[in-house]
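Colleague: Model the full structure from these sequences, guided by the hints.
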Amino acid sequence: MMCQICNDYPATIHITEIINDNKTELHICAECGKQKGIIGKKITFSLGDLVSGIIEEKTNVKTDELQVKKCSFCKMTFEKMRKIAKLGCVHDIGVFGEWLEPFIEKIHGSSQHVGKTPKQINQEAKKDIELAKLKKELQEAVKKEDYESAARLRDKIKNFGQNK
Amino acid sequence: MEIYKKPIGWLRGEGDFASVVVSTRVRLARNLSNYPFITSVTPQQAKEIDNYLVDKVSKLQLNMPFTVYRLHEMDDVDRRVLFERHLISSEHLNSKLNRSVAITENERVSIMINEEDHIRLQSLESSFNPKVAFEATNCIDDILSEVVSYAYDSKYGYVTCCPTNIGTGLRVSVMMHLPAIVYTKQIEKVIQSLTRVSYTIRGFYGEGTSPLGNFFQVSNQTTLGRSEQDIIEELVKVIPEIVRFETTWREKLSKDQGKNLENTIWRAYGVLKSARSITSEEALELLSAIRLGVNMKLIESVPLQVVNELFIMVQPGHLQKIYGQQMKEGTRDITRADLIREKLNKF
Numbered sequence: 001m002m003c004q005i006c007n008d009y010p011a012t013i014h015i016t017e018i019i020n021d022n023k024t025e026l027h028i029c030a031e032c033g034k035q036k037g038i039i040g041k042k043i044t045f046s047l048g049d050l051v052s053g054i055i056e057e058k059t060n061v062k063t064d065e066l067q068v069k070k071c072s073f074c075k076m077t078f079e080k081m082r083k084i085a086k087l088g089c090v091h092d093i094g095v096f097g098e099w100l101e102p103f104i105e106k107i108h109g110s111s112q113h114v115g116k117t118p119k120q121i122n123q124e125a126k127k128d129i130e131l132a133k134l135k136k137e138l139q140e141a142v143k144k145e146d147y148e149s150a151a152r153l154r155d156k157i158k159n160f161g162q163n164k
Numbered sequence: 001m002e003i004y005k006k007p008i009g010w011l012r013g014e015g016d017f018a019s020v021v022v023s024t025r026v027r028l029a030r031n032l033s034n035y036p037f038i039t040s041v042t043p044q045q046a047k048e049i050d051n052y053l054v055d056k057v058s059k060l061q062l063n064m065p066f067t068v069y070r071l072h073e074m075d076d077v078d079r080r081v082l083f084e085r086h087l088i089s090s091e092h093l094n095s096k097l098n099r100s101v102a103i104t105e106n107e108r109v110s111i112m113i114n115e116e117d118h119i120r121l122q123s124l125e126s127s128f129n130p131k132v133a134f135e136a137t138n139c140i141d142d143i144l145s146e147v148v149s150y151a152y153d154s155k156y157g158y159v160t161c162c163p164t165n166i167g168t169g170l171r172v173s174v175m176m177h178l179p180a181i182v183y184t185k186q187i188e189k190v191i192q193s194l195t196r197v198s199y200t201i202r203g204f205y206g207e208g209t210s211p212l213g214n215f216f217q218v219s220n221q222t223t224l225g226r227s228e229q230d231i232i233e234e235l236v237k238v239i240p241e242i243v244r245f246e247t248t249w250r251e252k253l254s255k256d257q258g259k260n261l262e263n264t265i266w267r268a269y270g271v272l273k274s275a276r277s278i279t280s281e282e283a284l285e286l287l288s289a290i291r292l293g294v295n296m297k298l299i300e301s302v303p304l305q306v307v308n309e310l311f312i313m314v315q316p317g318h319l320q321k322i323y324g325q326q327m328k329e330g331t332r333d334i335t336r337a338d339l340i341r342e343k344l345n346k347f
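Chains as they are written, first to last, in my numbering: chain A, 1 to 164; chain B, 1 to 347.
Just so you know, these hints were derived from the structure itself, not from any lab.
Wrong hints could be hidden among the right ones.
What the hints assert, rightly or not - Here are the in silico distance ranges between beta carbons for each label pair: (1) E25/A <-> K259/B: 43 to 53 angstroms; (2) S227/B <-> K158/A: 30 to 40 angstroms; (3) K158/A <-> V236/B: 50 to 60 angstroms; (4) K155/B <-> F160/A: 11 to 21 angstroms; (5) E25/A <-> K131/B: 43 to 53 angstroms; (6) T42/B <-> K136/A: 29 to 39 angstroms; (7) R244/B <-> E25/A: 41 to 51 angstroms; (8) V142/A <-> Q192/B: 44 to 54 angstroms.
What the hints assert, rightly or not - Here chain A is said to cover these stretches of chain B; the calculated rule only asks that three of the stretch's residues, wherever they fall, bring their Cβ under 8 angstroms from a Cβ of chain A: (9) 145-154; (10) 161-168.
Yeah, the Cβ is synthetic: ideal placement off N, Cα and C, and Gly gets one too.
Modeller: Here's what the structure looks like:
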């Protein structure tokens with residue numbers, strides 16, 4: 001088969017595009033491929049592009065709200081994370097958690113670690129885990145209308161922040 | 001750097017399923033909690049992380065001390081030798097950041113610093129030995145976690161740069177030699193079945209590399225939601241099945257097409273014992289046939305370890321070190337043929 005653009009050289013690149021059941025085929029030579037920018041550039045295929053489309057449609061994650069978020073520690077933005085599908089630091093888990101959870105779940109079929117833990121979890125991480133626990137308890141106390149416990153927990157969380 | 005002269009322990013060709021399984025590699029991905037990950041790190045921060053971790057690793061109290069190689073200070077050929085010996089990954093080889101690798105004397109354990117993650121602990125064992133390989137990295141991981149602060153989250157476990165490694169950060173890769181499955185055109189079937197049960201199959205040098213000489217790396221795809229032991233236990237069930245498939249087809253090939261197969265193997269042996277110039281691709285393809293011949297007891301004089309090691313020795317980095325000079329591709333093809341002749345004609 002000859003190139004459909006120049007008709008001078010054999011077609012070595014075959015492209016099939018399917019949009020809404022409409023199939024278009026293009027058969028071209030390497031030279032025309034280069035001129036049209038189809039080859040020559042490294043074609044990148046990102047895990048982010050692949051998975052984010054699926055999860056955003058299924059989970060109704062509000063990407064508008066995430067768009068403005070930025071990690072103060074590593075400066076990761078939502079746009080960059082979505083593109084490279086990689087984390088910038090341990091704090092991104094908290095900042096982009098809403099988007100990351102379904103993403104991670106899709107990859108692993110789970111979102112809960114059940115393996116080993118470090119011998120010594122650092123103080124900061126210990127505090128974070130403790131703080132997350134207190135916040136959860138506060139939410140539950142409010143839900144149960146147990147305002148006495150809620151007030152106690154609120155003070156604890158406040159003190160926690162100061163100590164930190 | 002004299003490491004290129006040493007025999008490679010994990011290629012000794014002994015242990016469970018050694019005729020099909022070349023080696024087992026275990027790696028744990030870890031990051032520091034107080035620095036940005038490699039995606040967001042500045043060159044200055046990478047330098048700090050590298051210095052900090054080299055210091056910590058050098059002071060670990062271990063039976064087997066580490067030798068540290070500062071990759072950014074080494075020349076291309078030396079770096080390539082470490083890559084060819086599977087002690088560093090292709091990403092680590094090509095990075096522009098300050099980065100290092102700490103290697104034990106027997107090359108069973110290496111710690112990559114500033115690879116895709118700040119820390120990659122890896123262990124290599126001959127043939128199929130995932131439990132021993134895991135224990136080697138696990139014990140260093142425990143000791144290291146007492147002196148550095150890992151990026152760890154109670155929900156997601158060890159937080160890694162790429163979400164595909166999050167959780168245990170554990171990847172077990174089993175290097176398999178599958179010539180009979182390839183010759184009988186069934187490799188696609190094996191790849192599809194493995195993908196269906198969440199395994200990945202890659203080329204000789206891991207991620208993003210093509211299969212060379214019918215070698216494939218089979219590894220677990222998911223790292224979260226299962227314990228380290230569960231990941232290993234499952235592999236202990238899966239790998240013997242592939243071994244059985246390959247062995248059955250080797251027997252079948254030998255029965256149905258014995259003369260053809262013998263012809264292919266002995267011709268490969270003949271070419272390698274007399275060629276005066278040979279490309280890397282051709283050498284690997286022919287060595288693959290010889291490896292099959294040795295394992296099927298057709299070629300009885302050559303030890304499996306010699307064939308296994310030749311797969312590494314014929315690579316550009318090792319060739320240039322062995323002959324002590326930088327060489328262009330054409331010259332490399334001539335020295336590659338010289339080296340193979342020298343090694344094989346001893347037997």
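Colleague: What are the numbers of the hints that this structure violates, sorted from low to high?
Modeller: none
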